[in-house]
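Q: Here the protein sequences come in this chain order: A and B.
If you use the numbering used here, the first sequence corresponds to residues 683 to 788, in order.
If you use the numbering used here, the second sequence corresponds to residues 683 to 788, in order.
These are calculated hints, taken from the structure and not from any lab test.
Predicted, not measured: the structure shown is a model, and the values here were computed from it.
Among the hints, erroneous ones may be present.
No distinction is drawn between identical chains; accordingly, a pair holds when it is met within one copy or between any pair of copies.
[Claimed, not checked] In silico DMTMM-like cross-links for lysine to aspartate or glutamate, where the CA-CA straight-line distance does not exceed 20 Å:
1) Lys-715 with Glu-781
2) Lys-753 with Asp-783
3) Lys-753 with Glu-735
4) Lys-774 with Glu-763
5) Lys-753 with Glu-763
6) Lys-753 with Glu-704
7) Lys-774 with Glu-787
8) Lys-774 with Glu-704
9) Lys-753 with Glu-781
10) Lys-715 with Asp-783
11) Lys-715 with Glu-787
12) Lys-753 with Asp-706
Residues per chain, in single letters:
Protein chains: 2
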Amino acid sequence: MPIASTPQPPYYAVIFTSIRTEVDQGYVETAEKMVEMAASQPGFLGVESARNEIGITVSYWDSLENIRNWKLVAEHRIAQETGRSVWYSAYKTRICRVERDYGFER
Amino acid sequence: MPIASTPQPPYYAVIFTSIRTEVDQGYVETAEKMVEMAASQPGFLGVESARNEIGITVSYWDSLENIRNWKLVAEHRIAQETGRSVWYSAYKTRICRVERDYGFER
């Protein structure tokens, strides 16, 4: 997974920080499926993800409306519900407007 | 490292996504020192960090001004410079305003 190639700001970021339970049942498959589905949604710009003690997944979007649309997709809602009941002991979702960015590449 | 306890939005987030080189020389010590120093800066609200293929560190702040102040702290500037010359093959920094958040805890 590379660093996401995002356009000039402003754009939007969803920071999803989570702590997993010890139950793996279906987790990896669903997580991969959700990334694949998100990537095909209108307004999706990219995603970055890492996990060790905690997991952080940041997805980038062109508008708040398209973030909301993705949140309401039926299969994603089922995954959110299973996340609360099975895979996560805690999580926090933060909806952000990216005001400025800069980077470095060798 | 737990999920950061942040106040009611709006507040600010700095998403720092990076890819490491294979050079570890001084990296862990400096990374830990920078988190410790950031935590003592005015306006610091919390930090979350995870790394496997890529690293994602999100720090939370009360204002853009305090984000700028931290960026300019001398020891942090030296760490940024060493990051470009030694530890990172690429990184991206995104400065965001957190508009909304919600969470779940068992």
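Q: Against each hint, give a clear statement of whether it holds in the structure.
A: Status of each hint after checking the structure:
1. Taking the closest pair of Cα atoms, Lys-715 and Glu-781 never come within 20 Å of each other, the shortest separation being 30 Å inside a single copy and 27 Å across copies.
2. With identical chains, the CA atoms of Lys-753 and Asp-783 are at most 20 Å apart between copies only, with a shortest distance of 13 Å across copies and 25 Å within one.
3. When the C-alpha separation of Lys-753 and Glu-735 is checked against a cutoff of 20 Å, the pair qualifies neither within a copy, at 25 Å, nor between copies, at 26 Å.
4. Taking identical chains as interchangeable, the C-alpha atoms of Lys-774 and Glu-763 lie at most 20 Å apart only when both belong to the same chain, with a minimum of 14 Å there against 32 Å between chains.
5. Taking identical chains as interchangeable, the C-alpha atoms of Lys-753 and Glu-763 lie at most 20 Å apart only when both belong to the same chain, with a minimum of 12 Å there against 39 Å between chains.
6. Neither within a single protomer nor between protomers do Lys-753 and Glu-704 lie at most 20 Å apart by alpha-carbon distance, with minima of 25 Å and 38 Å respectively.
7. Taking the closest pair of Cα atoms, Lys-774 and Glu-787 come within 20 Å of each other only across two copies (9 Å); inside a single copy the shortest separation is 30 Å, beyond that limit.
8. Proximity of Lys-774 to Glu-704 under the C-alpha cut-off of 20 Å is restricted to the intra-copy arrangement: shortest distance 18 Å within a copy versus 32 Å between copies.
9. When the C-alpha separation of Lys-753 and Glu-781 is checked against a cutoff of 20 Å, the pair qualifies only between copies, where the shortest distance is 16 Å, while the shortest distance within a copy is 22 Å.
10. In this assembly of identical chains, Lys-715 and Asp-783 lie within 20 Å of each other by CA distance neither inside one copy nor across copies; the values are 29 Å within and 24 Å between.
11. In this assembly of identical chains, Lys-715 and Glu-787 lie within 20 Å of each other by CA distance neither inside one copy nor across copies; the values are 30 Å within and 24 Å between.
12. For a Cα distance limit of 20 Å, the shortest separation of Lys-753 from Asp-706 qualifies neither inside one copy, at 23 Å, nor across copies, at 39 Å.
The structure is inconsistent with the numbered hints 1, 3, 6, 10, 11 and 12, although it conforms to all the rest.
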